[in-house]
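*Asks:* Sequence:
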Amino acid sequence: MSQKYATRAEDYSKWYNELVYRADLAEHSDVRGCMVIKPYGYAIWEKMKEILDKKFKETGHSNAYFPLFIPKSYLSKEASHVDGFAKECAVVTHYRLKNAEDGSGVIVDPTAKLEEELIVRPTSETIIWNSYKNWIQSYRDLPILINQWANVVRWEMRTRLFLRTAEFLWQEGHTAHATKEEAIKEAELMLDVYADFAENYMAMPVLKGRKTASERFAGADDTLCIEAMMQDGKALQAGTSHFLGQNFAKAFEVKFADKEGKLEYVWATSWGVSTRLMGALIMTHSDDEGLVLPPALAPIQVVAVPIHRTDEELAAINAKMNELAEDLKRRGISFKYDNDENRRPGWKFAEYESKGVPVRVAMGPRDLENGKAEIARRDTKTKEIVDFNGLGNYIENLLNEIQDNLLNKAMVFRTENTRTIDSYEEFKKEIDKGGFFLAHWDGTAETEAKVKEETQATIRCIPFDSNQEEGKCMVTGKPSKGRVVFAKAY
Numbered sequence: 248m249s250q251k252y253a254t255r256a257e258d259y260s261k262w263y264n265e266l267v268y269r270a271d272l273a274e275h276s277d278v279r280g281c282m283v284i285k286p287y288g289y290a291i292w293e294k295m296k297e298i299l300d301k302k303f304k305e306t307g308h309s310n311a312y313f314p315l316f317i318p319k320s321y322l323s324k325e326a327s328h329v330d331g332f333a334k335e336c337a338v339v340t341h342y343r344l345k346n347a348e349d350g351s352g353v354i355v356d357p358t359a360k361l362e363e364e365l366i367v368r369p370t371s372e373t374i375i376w377n378s379y380k381n382w383i384q385s386y387r388d389l390p391i392l393i394n395q396w397a398n399v400v401r402w403e404m405r406t407r408l409f410l411r412t413a414e415f416l417w418q419e420g421h422t423a424h425a426t427k428e429e430a431i432k433e434a435e436l437m438l439d440v441y442a443d444f445a446e447n448y449m450a451m452p453v454l455k456g457r458k459t460a461s462e463r464f465a466g467a468d469d470t471l472c473i474e475a476m477m478q479d480g481k482a483l484q485a486g487t488s489h490f491l492g493q494n495f496a497k498a499f500e501v502k503f504a505d506k507e508g509k510l511e512y513v514w515a516t517s518w519g520v521s522t523r524l525m526g527a528l529i530m531t532h533s534d535d536e537g538l539v540l541p542p543a544l545a546p547i548q549v550v551a552v553p554i555h556r557t558d559e560e561l562a563a564i565n566a567k568m569n570e571l572a573e574d575l576k577r578r579g580i581s582f583k584y585d586n587d588e589n590r591r592p593g594w595k596f597a598e599y600e601s602k603g604v605p606v607r608v609a610m611g612p613r614d615l616e617n618g619k620a621e622i623a624r625r626d627t628k629t630k631e632i633v634d635f636n637g638l639g640n641y642i643e644n645l646l647n648e649i650q651d652n653l654l655n656k657a658m659v660f661r662t663e664n665t666r667t668i669d670s671y672e673e674f675k676k677e678i679d680k681g682g683f684f685l686a687h688w689d690g691t692a693e694t695e696a697k698v699k700e701e702t703q704a705t706i707r708c709i710p711f712d713s714n715q716e717e718g719k720c721m722v723t724g725k726p727s728k729g730r731v732v733f734a735k736a737y
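Position in the sequence shown (first residue = 1) + 247 = this note's numbering.
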């Protein structure tokens, strides 16, 4: 009897955790709050990384690497930055272990205390700007457009695989500019890069907007974001891009001589996405049978399974599948032919379905005789018998169709679960059902905090593309410049 898994309707959180395990994406580590990303999960992250890295380089950025450890004094230099991260920092206080005298094992050597504690990187603005002060003297040294692929540590007590872990993988861009306008343009550009990646590769529609002052990144003048809706109606912040003003330049005394020889502080941005995108991918598309992957990010885009009774039948099917493999390889399509005789076809079908492989090809003796193959698509679970001649072209078109279908399906879901609302009483009744709520807000932190305290909903963003008609705040009745997006979030 097959194992019974939780469905999305029964227990969305349990469904998510079980799916991560059964799709072989990741598992919990013995290190509290940390995860092991397994090869299949890491292969998806590698595809994300490869695509994003290419986009960063196409927009003029170069990769570099900065230390994992940050002197505590660096964090102290930017007051709002240290306030924002103080409660999440892991701190290195000693540099040596020794054997306990009683033979019980190793202990921290109390005589090996660091003169200055080191913070395990929660984000890299401080250590990078400490380097930039040595790199920048003149306007000729600008702009600096750097990206770093790294791991970071933010000490989380309540964790969930991919969505919130004490250590996670990400990229962080850090740029330095001669003018405010150039830095703002950079922050907007990188948000557009993230939005393009989310929609055209992840097949995940996103809202672009800016965070309120309360939700802004610690040390930023402005935070731009992309927000996505998961299948339970909760929002997930999928990427952020920050205009840092001159805050870090002033904290680290990073000045440049302009064309007239006048000394000015440098303008800055930072921006990043993380392995949290893996959680977003899972929750946007997957179903009760397992993972559903958009072809653009699937490590295996097409899997083929032979169905045979005799060695002769298997040999003939193998020859056909080798033909298909060569054809798909020329088209840049990743293909796996699973003719492992230790597993039955039914087991293989269930396995690749749970792993979200977009297209499955099956061929048996009758298909072989008729010059046909059975094609199953993961997104709709429909099957079709197709001529083997021209199969490569058919599959290539089908993969594009699946990619488009997943985005369209997610967009329809978001539209159906987005509401315009004016009554706070109605909002409080409806918010637990999930979804995005477009409502007027008076612009005050007090009202924002009241809504969060009473409903656990937050302002996800002030959307760029909303027609900002004036109105009255749904909570206080005070004047509002436009609607914002409220939702419960991960």
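Take these hints with a grain of salt, some might be off.
As the list claims (entries may be wrong) - Quick list of simulated restraints, FRET-style, between CB atoms:
1. K630 <-> S260: 30 to 38 Å
2. T662 <-> A736: 13 to 21 Å
3. T358 <-> T723: 53 to 61 Å
4. A566 <-> N310: 38 to 46 Å
To be clear, the hints were calculated from the coordinates, so they are not data collected in a lab. Please read these numbers as outputs of a predicted model, since none were measured by experiment. Ideal Cβ placement from N, Cα and C applies to all residues, glycine included.
*Asks:* All the hints need checking, so say for each whether the structure fits it.
*Replies:* Now the hints, each set against the structure:
1. K630 <-> S260: 30 to 38 Å: holds, 32 Å
2. T662 <-> A736: 13 to 21 Å: holds, 19 Å
3. T358 <-> T723: 53 to 61 Å: holds, 60 Å
4. A566 <-> N310: 38 to 46 Å: Given about 44 Å between the Cβ atoms, the range holds.
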